[in-house]
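Heads up: the sequence shown begins at 1 in the UniProt record's numbering, then just goes up one per residue.
Rather than coming from a laboratory, the hints here were simulated on the basis of the structure.
This structure is a prediction, so every number in the text was calculated from the model and none was measured.
The beta carbon of each residue, even a glycine, is placed where N, CA and C say it ideally should be.
Just to be clear, a hint being listed does not mean it is correct.
Claimed, not checked - Straight-line Cα separation of at most 25 Å, DMTMM-like style, residue types lysine to aspartate or glutamate; simulated pairs:
| hint | residue 1 | residue 2 |
| --- | --- | --- |
| 1 | Lys138 | Asp149 |
| 2 | Lys970 | Glu891 |
| 3 | Lys218 | Asp149 |
| 4 | Lys924 | Glu891 |
| 5 | Lys970 | Glu947 |
What the hints assert, rightly or not - With beta-carbon atoms standing in for the labels, derived distance ranges:
| hint | residue 1 | residue 2 | range |
| --- | --- | --- | --- |
| 6 | Ala967 | Ser281 | 52 to 58 Å |
| 7 | Glu1037 | Ser841 | 41 to 47 Å |
| 8 | Asp1010 | Ser730 | 49 to 55 Å |
| 9 | Thr735 | Lys247 | 40 to 46 Å |
| 10 | Lys890 | Glu1037 | 21 to 27 Å |
| 11 | Gln469 | Lys713 | 43 to 49 Å |
| 12 | Val358 | Lys114 | 43 to 49 Å |
| 13 | Glu403 | Asp1010 | 29 to 35 Å |
| 14 | Asp1010 | Leu759 | 51 to 57 Å |
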Amino acid sequence: MKGKNQNKPKNTSQETGETMDLVLEHLLCCRQGNKDLVEISKLIQHVDKYGCENRSQQFRIVDEIIQLLANDLNALLPDESVSVVICMTHLWEQNKLPTLNETQFDVVLQLLRKNLEECQKPETLIKILNTLCGLFAKHPMNVDRYFIDIIGSGNNGLLQYVAWESSIDVLVNAVRCIDICLGILCCSPLSQEQEQVCDDILKKFLNLFFNASESRPKIDSDMLPVFALHTLQAIQRIISLNPELVKQNVSELLGFARSYLHFGLDNIKEFPIMPQKVYMSQQALYDSAEDFENSMSSEKTRNCGGKTPKTRKPRLKSNTAERNVTSGSPERKVTLLSMDIRTSDSEASELENSGNRVLFERNRMAKIRLASIAIIEAIVKTLERRYVYGYWHVLFPSGTAAESPDNLLYIAQHDPNMRCRCSALQVCAQLLYGSKGFLCQAEINTKRCPVTFIPFSVNLGFTVVAIYQALSTILTRESSLPVLTQSLKCLAVLVQATPFQKFDKGFVNGFVKHVKPLIYHRDAAIQVSSLMVLEFLVPSAEATPEIAEALGLPQPQSGRQTAKNNTHALGEEELDIINDEEFVESDAEEEVLKKPKEEKPPSADSEKRTSNDNSWLLLRVLFNLKDHDSLIVPQSVRIESIQVLIAMSSHFAMLKSHLPEVSAALQHVIANTLPEVRLYAARCIDSCAFQISRYVLENGLATSSLETKSFGKFWTDILPIIMQHIRRDSEETSTVRITLCDALSNIGVVMFENCSHSLQLALLSFLSGVSSDSSEEPILRAAAVRALAVYVLYPSLRSDFVFVENTADLALRLVTDANLLVRIKTFWALGNISDALVGKSIDSKDNQERVSDELLYRMIKASTMACSDNDKVRCNAVRTLGNLLRLLRKEHLQLENTHLNWRELFERAICKLSDCIRSSGNAKVKWNSCYAISNVMRNPVIFTITELIDWQSTLYPALCHVIVHHANFKVRINATSAITNIAERQHFGNYFEKFWSSILEAIEQSHNLDNFHEYNHRDNLQEQLCLALTHLLRCSEQEDWPMLKRHLALKVETIRSTWKRVVLRMVPEKAAPLLSCSLVLAERAKTKQQHNLGPEQKSANDYLCETLALE
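From just these sequences and the hints, can you work out the full model?
In structure tokens form, the structure reads like this:
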């Protein structure tokens, strides 16, 4: 029986000192006849006892030792050479000797490799392997050079010992040495040969476990954790070094990692642990989730202010760091390995400081489970999401009665180690991140399930419900704050991806009731994470009544309707948590939305009498935004509360009844001392402004309505504060000032007209002053110009040419700024100004008011130059250019006008538009360029100046090329629309045949879909092409008809079938040009026949009529 003191681990330095003495005694006694060995021993002993006087002496001694070793390279026995290196490793660790240079390292490594090849004794092999570990740990820069030679392949190098035929101790030490080398190698990119070696290592390891016979030897309980840990870490490092290996071996890797998820918990402490391969569920293959999200986001555009709404990405951060091996002492009694792997600095002396052997064993087992989770995490990060979805059935609970414990959320619930639970939740968050496109298939609808089988969508729905239940259980039972925080973050990621409208009633309330108490938690991180869950829940694509009821918000159908169960939401649960030490709640929250009639302390009973219009979430958010005498709200909680408020504003009907309280809270928080808080407050003001404007427009509210007046009160209160923070003397940060300018741009036409005339003038004067102040930052001036450019489109201001020209002049001052963001905002503003000018020119028939020639010239010139700028600038520059060229008059382009060279400017502008169509790689630039050309074609003046004919040779071929060959159907649609704006036959010039053949080929090509995402635009493209075909037929002369027939005959079947399908699909009003096309052609043939219509022309006309006529 072992004594009690044997379980207590020795001090590392003491143990290493004893080992050093034993080795030196062995060297001095066993080979007295070898003078070089004796000399080496004496040198080492002298340095160990007395050290060196200076650095030069250290280098000299190292040179002598290496020289003596080189002389006796073939004479030294393996035990002797290994002992020398062990002693040198000891001196390196104590900084008594310098590390080796490349030449010296080569000598030592050659000696060890020679001994490794010749030696057969397990005891000596173990010494050599341990010595290699110490050598590479002290000389990591040499691992890259010798990695291939040391590891080897097949039956060479260390890989030859990775087999059950080897001694167990040799096997463990070989795996340990490979792990250390891989850990050092992670810092540098791999060569092709090194990647092949990593492939060999992985195959060897997997073959060791999956293809081994049942007669393989068992590993004792002391060696098994070391072996398992180094194996898992080595595999994880290989995955990180060469991700291509994951896809080839994913079934084996997942199976191997899952077999160790419960290591140390299920009483398995000896081999064999039999891993099983994990196979993909074929039903789960799905296209990339990014494609789904991009297609969804492309449909979301702002109709007010010209801004695209920003959607926040999940704030998912993985705190799992790479765990690198650090070598400890060089050798412990030069025998079997007993090494602790340190995963953090706090564990560096875990064995020495731990008096409890049981605790040490638990931590050692936990490291193995952590390593297995790390492999799963590496696989998840490496594989494409659509492949990862195929393995959800083994990584997440399935929601069935016979649930396997080998899933991550089971670990997160039941593992006794906090780090294991936290890591499992981090991997779950990684798996759920970006899964919206996959989970949109999930549903719980048992009525639609056949009796014989359960559809995949319902199976996926059961999995989602099981994940929510597991996370809710963790929120209820977990006591560790890091795990609780991570589970909330995981839940926040899941909430964003869940289609709540497809699940049963009560599903949302099932997990919200567990999140709700945590917003009152004493820990700031818990509060922030719980608010984050609710933040992502509020702006769901469809705010179902259940979500509104669970959050205590008014029902979506009516802004003032109240959920029936709000009394319970505001009563019982809050009363239950008041006495809990972990939670803090103030009755002052009720005072945020409702002032008491008399000054007296609020009681718990007053909470039950709270109005149903008061949301517990809104109460808490507004409470966090206020200052309190008895409580300090952390700034992180305050920032997250503002973000919840921003999310709530997306369903403005739920928030409008509390707009006065929200306004008061925003006025208070915008004055916060922390700039970041003020920035989020400014964003919230911007969001509320936009949502108010959109709500007014969508509901058609009149200026005199009660709701509009209440919204006007919001602007009356908030406008002075916004102006105060934007002013130059406010010492506000530029980001906050820019955001507040954006908020002013979102006021909306109805609310602007609702403001008093004096307030309108004050707002316009203020923004004009900011825009014209040359001492202000250009980006702020651009934001102010952008706000003015939004107002330019308002009916009351669009007719004010003085205001329009002043805004244009302010924008032109910034077009050459070096800051890209300034130029983007400026040309967006110029685009709006040009839209206003075109609209004014259309509205005013007499054309008495026109923009000045000098200003128009400057705007066209600036837009032409910007067509060579960044794509984000070009897309607005070409839009501006098309509008402005439409405003050109005949007197501009005549030779007599020599003051400004309009003709040269026009030709340069057309060349730039053609270049944007041909050479730009950005679809939006091409789309806007085609739209601009469509506007230019509406100006008949450019066709009447005979000296301007050359521009057609540049522009028309570019249009024809885009119509046929561009991959984006929306670009083709706009290019085709430009053709329909060429009004007369002579305007086509010599390119009429080119346009006709291009339209026919484009119709044929529209049936070839290279990208399935263009399918939604194909019908629209074919409609536009058929309308263009009709337009060309109506513009054609009788001389053109034989040519039209010749080209049409080559593709007649495709054109006829497409023509008929388009006519039948279009509404009759829109299809009128197509329905009457053949009739118009026949009527024209009768008219022309009276004027010598030739037989060829008559035959061609009949062919066209017959082809395009409906049966």
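Outcome of the hint check:
no. : hint                           : result
1   : Lys138 <-> Asp149              : 18 Å, holds
2   : Lys970 <-> Glu891              : 36 Å, violated
3   : Lys218 <-> Asp149              : 30 Å, violated
4   : Lys924 <-> Glu891              : 33 Å, violated
5   : Lys970 <-> Glu947              : 33 Å, violated
6   : Ala967 <-> Ser281: 52 to 58 Å  : 34 Å, violated
7   : Glu1037 <-> Ser841: 41 to 47 Å : 32 Å, violated
8   : Asp1010 <-> Ser730: 49 to 55 Å : 54 Å, holds
9   : Thr735 <-> Lys247: 40 to 46 Å  : 43 Å, holds
10  : Lys890 <-> Glu1037: 21 to 27 Å : 26 Å, holds
11  : Gln469 <-> Lys713: 43 to 49 Å  : 45 Å, holds
12  : Val358 <-> Lys114: 43 to 49 Å  : 44 Å, holds
13  : Glu403 <-> Asp1010: 29 to 35 Å : 45 Å, violated
14  : Asp1010 <-> Leu759: 51 to 57 Å : 54 Å, holds
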